[in-house]
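Novice: Sequence:
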Amino acid sequence: MPHYLIIVESPAKVKTIKKFLGSNYDVEASGGHVRDLPKSQMGVDLKNDYEPRYITIRGKGDLLANLRKKVKKADRVYLATDPDREGEAIAWHLQEALKLDEQKGKRISFNEITKTAVKASLKEPRELDLNLVDAQQARRILDRVVGYSISPLLWKKVKRGLSAGRVQSACLAMVCEREDEINAFVPEEYWSLDASVQVDKAKKPLLIHYQDKNRTLTCEADVNQLMKQLEHETFAVKEIKKSERTRKAPLPFTTSTLQQEAARQLNFSPQKTMRIAQQLYEGVDIKGSGTVGIITYLRTDSTRIAEEADQAAREYIGATYGEEYLSVNPTAKQKGKIQDAHEAIRPTDITRTPSAVKESLSRDQLRLYQLVWKRFAASRMADAKNETTTAKIMAGNACFTASTSRQLFDGFLMLYDNNEEKPEKNAAVDKLTEESVITLQEFHPDQHFTQPPAHFTEASLVKTMEECGIGRPSTYAPTIAILLGRHYVIKEEKNLYVTELGEAVNDIMKHSFPQIVDESFTARMEARLDQVAEGQEEWKNLLRGFVPDLLTDVEKAEQELEKVQIADEETDVICENCGRNMVIKYGPHGKFLACPGFPECKNTKPYLEKVGALCPKCGGEIVVRRTKKGRRFYACEKNPECDYMTWQKPASDK
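Taking full-length UniProt numbering, the leading residue of the sequence shown gets 1, the next gets one more, and so forth.
Derived by calculation from the structure, the hints in this document are not laboratory data. Since the structure is predicted, the reported quantities are computational estimates derived from the model, not experimental observations. Backbone N, C-alpha and C fix where the C-beta goes; we use that ideal spot for every residue, glycine too. Accuracy of the hints is not assured; some may be wrong.
Claimed, not checked - Derived lysine-lysine pairs resembling BS3-like cross-links, with alpha carbons at most 25 Å apart:
#1 Lys213 <-> Lys228
#2 Lys491 <-> Lys605
#3 Lys70 <-> Lys60
#4 Lys374 <-> Lys287
#5 Lys238 <-> Lys201
#6 Lys238 <-> Lys213
#7 Lys104 <-> Lys119
#8 Lys104 <-> Lys60
#9 Lys425 <-> Lys248
#10 Lys425 <-> Lys201
#11 Lys374 <-> Lys156
#12 Lys39 <-> Lys157
To be verified - Derived CB-CB ranges, DEER-like:
#13 Arg580 <-> Glu493: 43 to 51 Å
#14 Glu500 <-> Lys69: 50 to 58 Å
#15 Gln265 <-> Asp549: 43 to 51 Å
#16 Lys69 <-> Asn577: 54 to 62 Å
#17 Gly61 <-> Ala527: 32 to 40 Å
#18 Lys392 <-> Asp180: 54 to 62 Å
#19 Ala65 <-> Gln265: 45 to 53 Å
#20 Arg264 <-> Asp49: 44 to 52 Å
#21 Asp180 <-> Asp222: 30 to 38 Å
Put together the whole structure using the sequences plus the hints.
Specialist: So, in structure tokens, the structure goes:
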């Protein structure tokens with residue numbers, strides 16, 4: 001009997017795939033990349049046409065030795081890494097490291113880890129797609145040259161431990177630009193005017209809204225003048241208009257939209273969303289089914305759905321909710337430049353409902369799976385329909401409006417309501433006729449000010465990155481993690497704020513490397529990488545047009561840039577050794593307090609962030625602490641003398 005070896009990336013997939021196949025299949029994991037550019041040096045020969053120098057990643061020697069033994073025993077080796085450019089590159093590195101020839105080593109890929117998908121891929125093995133490998137190589141070398149050329153410059157001019165990157169620097173620039181917009185924003189005053197009116201002899205008044213595009217109310221004097229004019233005017237219904245509004249079913253999830261919705265509905269960070277989605281993709285132990293992947297591949301920018309999955313969903317929806325809930329036209333594919341290498345994120349089996357797997361998943365896994373399942377099912381359902389009634393009420397030349405909306409057909413909203421908009425119900429509007437007698441009761445003037453643009457959240461930053469074409473589905477979460485990890489931005493109450501360090505780095509990048517922080521340049525580079533993946537451009541050609549100019553800019557910046565001093569944030573905590581005010585420093589595990597007198601005074605303390613609430617037991621300050629696993633909790637600063645703690649953030653008021 002022939003013996004086959006399948007090599008996957010993640011050890012979690014080994015257990016899942018082994019259950020699908022017979023005893024003549026052996027499944028092993030590479031644990032991701034096995035070869036990479038060296039960390040200690042650039043690893044790219046700039047004088048020899050950007051030839052990369054790959055080395056075995058430290059700690060992977062024994063793993064490769066074991067794989068080589070397995071390869072010798074196998075009649076055929078299947079490289080089953082992830083179905084994207086990164087996965088194709090890992091498969092190529094494995095082929096090179098294990099010295100597999102094209103006859104013995106074949107590439108297989110599957111969009112979901114189910115028995116059907118895995119067995120189908122084994123029937124259609126293929127050669128490695130070297131265009132995809134080249135696209136990944138070009139990206140890796142491009143990012144390596146940018147990072148290893150500019151980062152040392154930042155160390156010299158600002159401080160050690162900083163980094164720059166093609167995607168992260170463009171992303172930081174966007175956050176800084178938004179901060180500048182907010183700081184430069186000048187609020188403008190405007191007023192709105194509502195009126196309570198009695199309709200016929202109804203006891204409950206109707207609220208109507210002043211609406212005139214030709215006359216804006218910019219100050220209190222404008223409002224007072226208008227109210228004075230209207231005091232003696234007759235209010236009358238001029239027009240009642242009914243219209244039907246269709247609310248389209250949502251598209252199934254891409255990586256970007258999954259991260260955005262998980263942030264909005266579940267309060268998950270992009271990193272947490274991707275971590276949990278990876279678990280659901282690689283396989284979870286489902287009672288009665290064994291270990292199986294319950295969602296499709298999680299790094300995608302396509303909304304395409306496989307025909308079989310679409311048909312299965314339609315059969316399920318028709319049988320469960322009725323034929324009238326089926327969409328007539330499946331949701332159209334999104335526009336714009338997408339790789340479309342594989343499907344949207346969806347459940348691998350529509351009949352595996354969230355309630356059916358509830359006992360087999362953790363709380364967070366269930367919540368994310370429920371979001372994916374409902375969104376996919378909703379994308380195959382009919383549109384929702386509302387009837388809107390709008391009444392136009394005139395008082396002289398002034399126009400007021402009132403509206404109401406009622407649901408005609410719930411459609412996909414029966415299953416997936418993301419609470420973005422609710423029909424405005426106002427029974428009094430339904431009773432209005434053009435003969436109704438309208439009597440003014442009182443005015444309700446209200447002052448407003450225009451608002452600045454909102455600060456970025458992680459979700460809105462992902463959305464903007466996608467819209468601008470910066471990065472790809474696999475890079476959104478890691479890029480934001482780098483910005484937070486380097487302390488270029490901080491997160492407070494979901495909002496992202498630029499630090500002084502982030503501003504300093506961005507100023508250097510804007511001044512010396514304007515191309516790299518230019519979002520349109522970064523987007524064009526992504527488009528060229530797509531062309532490499534499609535075999536339309538030679539990968540080294542992309543480097544030849546970019547790297548020489550970059551190296552010239554680095555040399556120029558080294559000579560011209562002055563050293564930037566970033567002052568440490570001073571606190572009111574006094575160093576008991578020397579009496580100085582301690583400052584906040586950043587270490588591998590976050591903030592800590594240190595004496596500014598270092599190296600003469602080496603005193604350090606943990607940094608305890610106060611939440612502005614007092615301990616109900618002893619009156620001390622409540623501070624933020626973390627468990628060994630990193631989970632946040634709130635405790636009294638006098639711990640261990642006072643044992644008060646809570647998982648929920650305490651309020652300042654009782």
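Novice: None of the hints should be skipped; say for each whether it holds.
Specialist: Status of the hints after comparison with the structure:
1. Restraint check: the Cα-Cα separation between Lys213 and Lys228 comes to about 20 Å, which is no more than 25 Å; the hinted pair holds.
2. As the CA atoms of Lys491 and Lys605 are separated by approximately 23 Å, the hinted pair is consistent with the 25 Å bound.
3. Of the supplied pair hints, the one linking Lys70 and Lys60 holds, its CA atoms being roughly 15 Å apart against a limit of 25 Å.
4. Using a Cα cut-off of 25 Å, the hinted pair Lys374 and Lys287 holds, with the two alpha carbons roughly 21 Å apart.
5. Taken as a hint, the Lys238 and Lys201 pair is honoured in the structure, with Cα atoms around 19 Å apart against an allowance of 25 Å.
6. Taken as a hint, the Lys238 and Lys213 pair is honoured in the structure, with Cα atoms around 17 Å apart against an allowance of 25 Å.
7. With a C-alpha separation of about 19 Å, the suggested pair Lys104 and Lys119 falls inside the 25 Å cut-off, and the hint holds.
8. For the suggested pair Lys104 and Lys60, the alpha carbons sit about 22 Å apart, so the restraint of at most 25 Å is met.
9. For the proposed pair Lys425 and Lys248, the alpha carbon gap of about 20 Å is at most 25 Å, so the pair holds.
10. A hinted pair counts as satisfied when its Cα atoms are at most 25 Å apart, and Lys425 with Lys201 qualifies at roughly 20 Å.
11. Between Lys374 and Lys156 the CA atoms are separated by roughly 52 Å; this puts the pair beyond 25 Å, and the hint is violated.
12. Distance check on the hinted pair: Lys39 and Lys157 sit about 22 Å apart at the alpha-carbon level, within 25 Å; holds.
13. At about 32 Å, the beta-carbon gap between Arg580 and Glu493 misses the expected band of 43 to 51 Å.
14. Hint check: Glu500 to Lys69, Cβ distance near 54 Å, so the stated range 50 to 58 Å holds.
15. Separation of Gln265 from Asp549 is about 44 Å and conforms to the stated range, judged on CB atoms against 43 to 51 Å.
16. The hinted range of 54 to 62 Å is satisfied by Lys69 and Asn577, whose Cβ atoms lie roughly 58 Å apart.
17. In this structure the hint that Gly61 and Ala527 lie 32 to 40 Å apart at CB holds, the actual value being about 39 Å.
18. Range check, Lys392 to Asp180: Cβ separation about 42 Å, and the 54 to 62 Å hint is violated.
19. The supplied range of 45 to 53 Å is met by Ala65 and Gln265, whose beta-carbon atoms lie about 47 Å from each other.
20. With their beta carbons about 47 Å apart, Arg264 and Asp49 fall inside the hinted range of 44 to 52 Å.
21. Against the hinted window of 30 to 38 Å, the Cβ-Cβ separation of Asp180 and Asp222 comes to about 32 Å, which satisfies the hint.
Violated hints, listed in ascending order, are 11, 13, 18; each of the other numbered hints is respected by the structure.
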